[in-house]
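Asks: Sequence:
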Amino acid sequence: MTSKSFADNIRSKIKDDIKQERCNEQCYDNCQVDDSGTSHLSIIGEDGSAVAVTSSINDYFGSKVMSNLTGIIFNNQMNDFCKPKKENGQDKNRSCENNNLIKPGKRPLSSMCPTIILHSGQVKMVVGGEGGTNITTSVAQHCFTPHAHDRKQRKRSTVILNYLFFGYDLQKAVKEPRVQITKNETNVEKDFDKVGFLHFYTLRQIYSVRIVITVQAIVREGDEVCAESDYRKGGYPAGYPEPIL
1 MTSKSFADNI RSKIKDDIKQ ERCNEQCYDN CQVDDSGTSH LSIIGEDGSA VAVTSSINDY
61 FGSKVMSNLT GIIFNNQMND FCKPKKENGQ DKNRSCENNN LIKPGKRPLS SMCPTIILHS
121 GQVKMVVGGE GGTNITTSVA QHCFTPHAHD RKQRKRSTVI LNYLFFGYDL QKAVKEPRVQ
181 ITKNETNVEK DFDKVGFLHF YTLRQIYSVR IVITVQAIVR EGDEVCAESD YRKGGYPAGY
241 PEPIL
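Take the sequence shown: its letters are residues 1 to 245, numbered as in full-length UniProt numbering.
It is worth saying that the hints were derived from the structure and are not from the lab. Warning: the hint list may mix true and false statements.
[What the hints assert, rightly or not] Derived DSS-like pairs: lysine-lysine, alpha-carbon spacing no greater than 30 Å straight-line:
hint	residue 1	residue 2
1	LYS233	LYS175
2	LYS13	LYS64
3	LYS172	LYS190
4	LYS175	LYS124
5	LYS103	LYS124
6	LYS4	LYS15
7	LYS64	LYS4
8	LYS172	LYS83
9	LYS175	LYS190
10	LYS64	LYS83
11	LYS172	LYS64
None of the values given here were measured: they were computed from a predicted structure.
Model the full structure from these sequences, guided by the hints.
Replies: Right, here's the structure in full:
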């Protein structure tokens, strides 16, 4: 993904003057199926240690098979592999590239991105999320309008960029409305203030929806530790020996 040839290949497929009819023109053959069984936990310890862990059984109740011995529900992560000429939540007639074909001992491609950010060797931010293929963009996506001169509209992003670069406090950084391009659709949360603008300028179909992608984040600000649990899924931050501010 970091090679210039790969980036050039993607760039050559981006067309600003037409609506693309096939979702895999930019998505390629390894688009993942959205999962529903993922959780994320961010931790900063009193000794300065940090943990960002994302776990998943892929779909709700995973494979829907439970061990009689342990009571553990088995995952269905095998579905994240690309299966040639078979339904995988994508184009039935798609071909598969070798990097996500099933192979013994191999892990499928994943959107999970548990992240620890350091500043001068010290933990600054611990963040991660849950929500299938939308995780990566929700944790660190920069959304901008087609017109470079519209600088006010350009300043819209999600959690990492909102907090570290745009000066939002952590609560605002997590709660900001999100936009996500999935296949050939653009999905925006209902209170996203650019819905009308996007409708006017975009060549894609726009849908105002509730995007269930949650981000859990902790930041260190001087001697204080601040935590935010995404309101989209409920829950709350917890701290010891004193409440986290």
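Asks: Determine for every hint whether it applies to the structure shown.
Replies: Status of each hint after checking the structure:
Between LYS233 and LYS175 the CA atoms are separated by roughly 12 Å; this keeps the pair inside 30 Å, and the hint holds. For the hint pairing LYS13 with LYS64, the CA-to-CA distance comes to about 39 Å; that exceeds 30 Å, so the pair is violated. For a cut-off of 30 Å, the pair hint linking LYS172 to LYS190 stands: about 17 Å separates their Cα positions. For the hint linking LYS175 to LYS124, the alpha-carbon distance of about 20 Å falls within 30 Å, and the restraint holds.
Restraint check: the Cα-Cα separation between LYS103 and LYS124 comes to about 38 Å, which exceeds 30 Å; the hinted pair is violated. Between LYS4 and LYS15 the CA atoms are separated by roughly 19 Å; this keeps the pair inside 30 Å, and the hint holds. Among the hinted pairs, LYS64 with LYS4 is inconsistent with the structure: their alpha-carbon atoms are about 42 Å apart, more than 30 Å. About 40 Å separates the Cα atoms of LYS172 and LYS83, which puts this hinted pair outside 30 Å; it is violated.
For the proposed pair LYS175 and LYS190, the alpha carbon gap of about 13 Å is at most 30 Å, so the pair holds. Taken as a hint, the LYS64 and LYS83 pair is honoured in the structure, with Cα atoms around 20 Å apart against an allowance of 30 Å. The hinted pair formed by LYS172 and LYS64 fails the criterion: a straight-line CA distance of about 37 Å is larger than 30 Å.
Hints 2, 5, 7, 8, 11 from the list above are not met by this structure, while the remaining hints are.
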